[in-house]
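Undergrad: Chain order of the listed sequences is E and C.
At position 267 of the first sequence the residue is numbered 266 (numbering that gives the first Met the number 0), and the sequence of numbers has no breaks.
At position 218 of the second sequence the residue is numbered 217 (numbering that gives the first Met the number 0), and the sequence of numbers has no breaks.
Note that these hints are calculated values from the structure, not bench results.
Remember, it's a predicted structure, so these values are computed and weren't measured experimentally.
Any given hint could turn out to be false.
As the list claims (entries may be wrong) - Computed spacing ranges between beta-carbons, pair by pair: (1) E:Glu182 <-> C:Thr50: 33 to 39 Å; (2) E:Glu182 <-> C:Lys301: 27 to 33 Å; (3) C:Glu41 <-> E:His135: 49 to 55 Å; (4) C:Gly134 <-> E:Ser51: 52 to 58 Å.
Stated by the list, open to error - Simulated crosslink set (BS3-like; lysine-lysine; CA at most 25 Å straight-line): (5) E:Lys217 <-> C:Lys65; (6) E:Lys211 <-> C:Lys324; (7) E:Lys251 <-> C:Lys217; (8) E:Lys211 <-> C:Lys192.
Stated by the list, open to error - Which stretches of chain E does chain C cover? Using the computed rule of at least three CB atoms under 8 Å from a CB of chain C, they are: (9) 51-57; (10) 163-173; (11) 206-212.
Think of the CB as a built atom: it goes at the ideal place given N, C-alpha and C, for glycine as much as any other residue.
Okay, here's what each chain looks like letter by letter:
Number of protein chains: 2
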Amino acid sequence: MDRIVIAVDAMGGDHAPEEIIKGALAAVQEVEIKVLLVGKEEVISPFLRGTSSLPVEVVNALQVVKMSDPPTDAIRAKKDSSIKVAVELVKQGRAQGVFSAGNSGATLAAAMFTLGRLKGVDRPALAGIIPTVKGHAVIIDVGGMVDCRPLHLVQFAVMGHVFAKYILNIPHPKVGLLNIGEEPAKGNETVKKAYSFLQKSPLNFVGNVEGKDVLYHKADVIVCDGFVGNVALKLGEGVVEGLVTLIKQEIKNSILGKLGLFLGKNVLKNVFQRLDYSEYGGAPLLGVNGTVIVGHGRSQAKAVKNGIKMAARFVKQEVNVHLAKGLKEHEDLIGGGWRKLTEKLKEVVS
Amino acid sequence: MDRIVIAVDAMGGDHAPEEIIKGALAAVQEVEIKVLLVGKEEVISPFLRGTSSLPVEVVNALQVVKMSDPPTDAIRAKKDSSIKVAVELVKQGRAQGVFSAGNSGATLAAAMFTLGRLKGVDRPALAGIIPTVKGHAVIIDVGGMVDCRPLHLVQFAVMGHVFAKYILNIPHPKVGLLNIGEEPAKGNETVKKAYSFLQKSPLNFVGNVEGKDVLYHKADVIVCDGFVGNVALKLGEGVVEGLVTLIKQEIKNSILGKLGLFLGKNVLKNVFQRLDYSEYGGAPLLGVNGTVIVGHGRSQAKAVKNGIKMAARFVKQEVNVHLAKGLKEHEDLIGGGWRKLTEKLKEVVS
Numbered sequence: 000m001d002r003i004v005i006a007v008d009a010m011g012g013d014h015a016p017e018e019i020i021k022g023a024l025a026a027v028q029e030v031e032i033k034v035l036l037v038g039k040e041e042v043i044s045p046f047l048r049g050t051s052s053l054p055v056e057v058v059n060a061l062q063v064v065k066m067s068d069p070p071t072d073a074i075r076a077k078k079d080s081s082i083k084v085a086v087e088l089v090k091q092g093r094a095q096g097v098f099s100a101g102n103s104g105a106t107l108a109a110a111m112f113t114l115g116r117l118k119g120v121d122r123p124a125l126a127g128i129i130p131t132v133k134g135h136a137v138i139i140d141v142g143g144m145v146d147c148r149p150l151h152l153v154q155f156a157v158m159g160h161v162f163a164k165y166i167l168n169i170p171h172p173k174v175g176l177l178n179i180g181e182e183p184a185k186g187n188e189t190v191k192k193a194y195s196f197l198q199k200s201p202l203n204f205v206g207n208v209e210g211k212d213v214l215y216h217k218a219d220v221i222v223c224d225g226f227v228g229n230v231a232l233k234l235g236e237g238v239v240e241g242l243v244t245l246i247k248q249e250i251k252n253s254i255l256g257k258l259g260l261f262l263g264k265n266v267l268k269n270v271f272q273r274l275d276y277s278e279y280g281g282a283p284l285l286g287v288n289g290t291v292i293v294g295h296g297r298s299q300a301k302a303v304k305n306g307i308k309m310a311a312r313f314v315k316q317e318v319n320v321h322l323a324k325g326l327k328e329h330e331d332l333i334g335g336g337w338r339k340l341t342e343k344l345k346e347v348v349s
Numbered sequence: 000m001d002r003i004v005i006a007v008d009a010m011g012g013d014h015a016p017e018e019i020i021k022g023a024l025a026a027v028q029e030v031e032i033k034v035l036l037v038g039k040e041e042v043i044s045p046f047l048r049g050t051s052s053l054p055v056e057v058v059n060a061l062q063v064v065k066m067s068d069p070p071t072d073a074i075r076a077k078k079d080s081s082i083k084v085a086v087e088l089v090k091q092g093r094a095q096g097v098f099s100a101g102n103s104g105a106t107l108a109a110a111m112f113t114l115g116r117l118k119g120v121d122r123p124a125l126a127g128i129i130p131t132v133k134g135h136a137v138i139i140d141v142g143g144m145v146d147c148r149p150l151h152l153v154q155f156a157v158m159g160h161v162f163a164k165y166i167l168n169i170p171h172p173k174v175g176l177l178n179i180g181e182e183p184a185k186g187n188e189t190v191k192k193a194y195s196f197l198q199k200s201p202l203n204f205v206g207n208v209e210g211k212d213v214l215y216h217k218a219d220v221i222v223c224d225g226f227v228g229n230v231a232l233k234l235g236e237g238v239v240e241g242l243v244t245l246i247k248q249e250i251k252n253s254i255l256g257k258l259g260l261f262l263g264k265n266v267l268k269n270v271f272q273r274l275d276y277s278e279y280g281g282a283p284l285l286g287v288n289g290t291v292i293v294g295h296g297r298s299q300a301k302a303v304k305n306g307i308k309m310a311a312r313f314v315k316q317e318v319n320v321h322l323a324k325g326l327k328e329h330e331d332l333i334g335g336g337w338r339k340l341t342e343k344l345k346e347v348v349s
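Using the sequences plus the hints, can you model the full thing?
TA: Next comes the structure, spelled out in structure tokens:
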């Protein structure tokens with residue numbers, strides 16, 4: 000089998016291009032893949048001196064989508080941007096997957112316009128992989144899609160199920176709905192309707208999951224709209240970071256504390272390592288016709304490396320084949336498919 | 000001046016009635032107030048043996064609203080429930096404030112139906128007081144109101160502003176909108192419209208606040224709908240608790256870690272104390288015509304005590320007078336008042 004090729008947006012992210020390139024160079028030394036670094040050749044090349052033996056190539060792209068650019072406009076206007084070109088490499092078959100730590104909205108837009116969606120998916124979704132006290136769980140969506148309808152949440156649930164089953168190797172993933180209480184009657188209108196559909200679906204639906212239960216792994220897959228999911232994911236990160244800041248503030252006032260935390264630092268290091276996003280590298284965009292991993296804007300070399308490796312694993316394990324199959328399977332089980340479900344939903348809403 | 004009287008729902012909460020009564024007895028010994036314990040007299044009385052010198056009285060109420068009861072139905076059906084009777088004591092002038100750690104939806108419903116709303120408020124909101132690296136911030140709403148329109152978010156902003164100004168003593172509170180990005184164009188339709196109104200308002204509006212910035216105190220007042228706010232608040236709590244669990248898991252594997260954390264335990268204790276909800280006792284319900292503090296369902300004596308003391312402080316500092324004044328002030332400043340703003344909003348929406 001040929002080497003898997005991953006296109007990497009070398010210009011995207013707060014620490015681009017240096018940390019992105021470093022991460023790519025580390026990735027190709029750990030797994031048998033090839034990386035195409037997409038971006039301004041004159042900027043990238045100096046970082047590649049002395050690495051000519053490694054399977055890394057530069058693909059020139061003269062434009063850059065900034066973090067602050069409006070995603071859809073940027074993708075339309077900047078046809079020669081690194082992210083657009085990287086996604087096109089997949090479309091053309093020159094690469095099998097993409098990693099970008101740049102403007103995530105632009106990555107989503109480029110992926111949707113260029114690669115299209117899988118059958119049965121109205122809106123692709125970002126699946127955040129989060130650490131829990133028992134391992135990892137998936138939150139879907141974490142930033143792609145705001146203003147979701149119940150149908151979208153049901154699709155997210157199916158995609159999360161397939162992802163957890165085939166990639167995280169959980170045979171019967173527990174699927175939960177992020178909500179403000181455990182009872183079925185809780186929540187806003189969208190969530191209540193999604194609940195009633197999920198209850199009838201063949202998924203292993205465990206009901207509502209409250210914010211406090213997320214880390215306790217009440218479900219393997221936690222379904223929510225992109226607004227709530229994004230706020231929740233970033234809040235969780237912020238709380239972990241805030242705790243480190245608070246611990247540092249308190250240590251200043253305590254000699255015993257300094258000694259104690261010196262001795263106990265490996266314990267805390269292990270804990271925070273388990274909570275560190277860079278261990279996972281990025282959030283897969285599920286539902287597009289291709290492999291796309293969206294990295295954290297703040298990604299440094301380690302996160303980039305892990306994100307690229309995740310993209311390669313996705314390709315190798317044929318996630319999209321499983322996703323398409325899972326969506327189809329679920330369509331049959333629901334009886335009549337998505338179209339019928341959409342119509343049913345329209346009846347309920349009207 | 001007469002002693003401030005606080006009605007306490009003795010039957011509400013996971014640890015009712017014992018912890019509620021203990022908290023009430025502690026409160027009357029710390030501040031000069033009187034407490035009316037509302038609930039089943041035969042259940043409450045045994046806990047009051049030997050406390051006849053304390054300013055605590057029992058008000059008999061034979062029904063109990065359960066945590067799982069549908070709020071509005073329960074309040075309509077159970078006219079002699081402890082929470083309904085407690086709120087009525089305020090309406091009758093026999094008490095000036097209420098504390099309940101019971102079914103929060105039922106507390107909200109009882110307060111709205113019995114006490115009514117302040118002028119200029121369409122929906123009362125729960126203001127969660129959260130610890131940050133710099134002190135405290137207010138998140139409003141944290142569980143009262145889902146399916147909010149932009150107008151409601153603007154009202155929450157005004158109430159949060161008044162609360163932060165007059166109770167937390169912040170002269171010019173920074174008001175932020177919880178969102179998935181910093182740029183004005185980010186977020187769902189409701190949030191985007193709320194942004195444009197807040198930008199024109201005389202509040203000290205600092206723009207969008209992301210989940211990761213909440214603990215870093217980017218704003219004193221963080222505005223969001225009750226769905227997002229509730230998920231975020233509970234997730235934050237869960238992450239802090241989850242961290243404790245993870246630290247315990249890691250300590251098991253490390254002798255040095257055990258010793259270290261023994262020496263450093265005061266540091267961690269201080270940190271987690273700063274993050275402990277029971278230090279604040281509860282979330283004030285802002286916008287109803289009376290003082291109502293909603294305690295955490297899991298409240299133990301200490302949280303109950305602090306919640307009751309908060310209710311007394313609210314009455315003493317005449318928060319609702321300031322709220323009414325603040326809402327009025329803001330109404331004038333907007334020019335034409337809420338009615339006009341509502342109409343404007345309808346134009347935008349349609």
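Undergrad: If you check each hint against the structure, which ones fail?
TA: Hint check: 6, 8, 9 and 10 fail, others pass.
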